[in-house]
Amino acid sequence: MKVLKNPPLYKKVAGAILDRIHKKDFPASTLPSEENLSEILGTSKHTVREALAELASLSYISRRHGHGNVILNSVVDTKFRIDANMNFFKILEQADYKTSIEFSNLRVESRTFPHCPEEDYYVYDEIIKGDDKVACFHNIYIPHRLFPNDLSLDMKLDKDLFNFLATYGVYSLHSIVEFIPEIIDDSTAELFSIPPNTPINTWDEYIHDQDDRLVCITKIRFNPEIFKLKMVRKDFKAF
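Heads up: take any position in the sequence shown, counting from 1, add 2, and you land on the working numbering.
Hints in this document: simulated from the structure, not taken from any laboratory.
Treat the hints with caution; some may be incorrect.
As the list claims (entries may be wrong) - The following label-pair restraints were derived from C-beta to C-beta distances: (1) H69 x L153: 40 to 46 Å; (2) D162 x E227: 42 to 48 Å; (3) S112 x P9: 48 to 54 Å; (4) D122 x R51: 48 to 54 Å; (5) F149 x E227: 33 to 39 Å.
All C-beta atoms, glycine included, are put in the ideal place defined by N, C-alpha and C.
Please construct the entire structure, taking both the sequences and the accompanying hints into account.
Given below as structure tokens:
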């Protein structure tokens with residue numbers, strides 16, 4: 003969920019190549035040579051080579067000796083990939099939805115989570131919409147103990163959460179995600195405009211800092227009529 007602020011040049015070039023692939027600017031099943039791409043994009047062959055390595059790592063292309071860089075259209079056409087991007091706002095945009103996001107004010111709740119003792123949390127909600135329909139609903143829980151002074155409940159954390167935590171010396175290092183099926187509650191069913199008791203998938207993410215302290219919990223519910231999460235698997239050696 004962490005947003006990359008200033009991506010290096012090769013990532014921008016990789017994005018530019020992928021945009022052209024989506025637009026069918028390369029009618030053949032292979033990309034032009036590195037030299038031709040360098041001329042088309044106005045950048046160095048070294049940067050193009052790095053960009054192609056990035057696209058290969060995400061399975062958009064296959065680099066085959068003697069065949070060039072083969073476009074994997076089955077992957078290019080796959081929407082809602084969580085292995086390529088975990089920013090759900092961006093995932094919706096890439097699936098050609100018109101997106102918007104709303105944030106609630108802070109509130110304080112006492113909660114118990116699995117493997118965590120009961121404690122007080124600052125809580126706020128994010129509602130991400132696609133084409134004016136609620137696509138996913140986030141509850142974000144931040145332990146009250148992280149802050150030496152009380153936060154204003156009029157505050158809206160509509161900026162990058164991780165940058166906000168960093169201002170208090172809290173740096174997120176890793177997270178553990180649990181995928182949990184549940185029956186939707188009535189209020190969320192109304193929010194999603196779907197029938198009550200519909201089965202949905204939830205994404206519970208436990209974020210830890212460099213000292214392995216739990217510093218944030220996010221609970222995300224996905225509208226099953228919009229979000230159908232997918233991933234691309236490359237390595238079949240582990241069978």
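Requested in this report: Determine whether the Cβ-Cβ distance between D122 and R51 falls within the hinted range of 48 to 54 Å.
Outcome: holds (51 Å)
Query - Cβ separation of F149 and E227, checked against the hinted range 33 to 39 Å - result: holds (38 Å)
Query raised in the report: Holds or violated: 42 to 48 Å for the Cβ distance of D162 and E227?
Result: violated (29 Å)
Requested in this report: Check the following: the C-beta atoms of S112 and P9 are separated by a distance inside 48 to 54 Å.
Outcome: violated (40 Å)
Requested in this report: Hint says 40 to 46 Å; check whether the CB-CB distance for H69 and L153 agrees.
Outcome: violated (57 Å)
Hints 1, 2, 3, counting from the list given before, are not met by this structure.
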